[in-house]
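Participant: Sequence:
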Amino acid sequence: MSTAAHPVSPKEILAQESKRYYAFVNLAMFLSLFTGIEIVIIFVRFPPWILMTVLVTVSIVKFFCVIFWFMHLIYDAPLLTILFLAGMVLAGGTMIALLGLIERSDVDPAILHDSLAAPPSAQRAWDANLG
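This note's numbering applies: residue 2 is where the sequence shown begins, and numbers increase by one.
Honestly, the hints are just simulated from the structure, not real lab data. Yeah, the Cβ is synthetic: ideal placement off N, Cα and C, and Gly gets one too. Please note: incorrect hints may appear among the correct ones.
[Unchecked claim] Listed next, with one range per pair, are the computed distances between beta-carbon atoms:
no., residue 1, residue 2, range
1, M72, P49, 40 to 50 Å
2, S60, N27, 14 to 24 Å
3, W50, K12, 46 to 56 Å
4, T82, P110, 38 to 48 Å
5, S106, E18, 55 to 65 Å
6, A24, V108, 20 to 30 Å
7, F25, L80, 15 to 25 Å
8, F44, A87, 30 to 40 Å
9, Y23, L102, 29 to 39 Å
10, L81, L32, 19 to 29 Å
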């Protein structure tokens with residue numbers, strides 16, 4: 002059996018774990034603050050493109066905070082982080098490609114929300130073409 006080159010004292014272990022603990026608590030507070038900001042932003046009247054840009058940006062920041070700290074990627078080998086991010090890029094690319102394949106005309110107007118549905122005249126023309 003081999004012994005460690007530098008034995009770690011219980012005091013050093015406690016200091017390392019205490020540092021990690023405070024990092025997690027600080028991150029939890031940071032994520033709570035960002036969640037509160039998201040909730041407040043939803044109720045403030047902004048143009049839709051600003052609202053979506055802010056919400057998506059905040060969500061991406063929160064996502065990376067969670068995967069790096071709570072999934073412990075920050076403490077893992079760089080190869081594992083690269084593999085995880087490669088999978089995320091592949092999944093994101095697949096999602097974007099699938100969204101590019103679907104057009105608004107592919108969606109049944111009957112299931113759309115009233116504000117998104119076609120005007121009645123367009124609906125009648127749609128129904129006439131089907132009949």
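Participant: If you check each hint against the structure, which ones fail?
Facilitator: Numbers 1, 6 and 9 - these are the hints that the structure violates, sorted from lowest upward.
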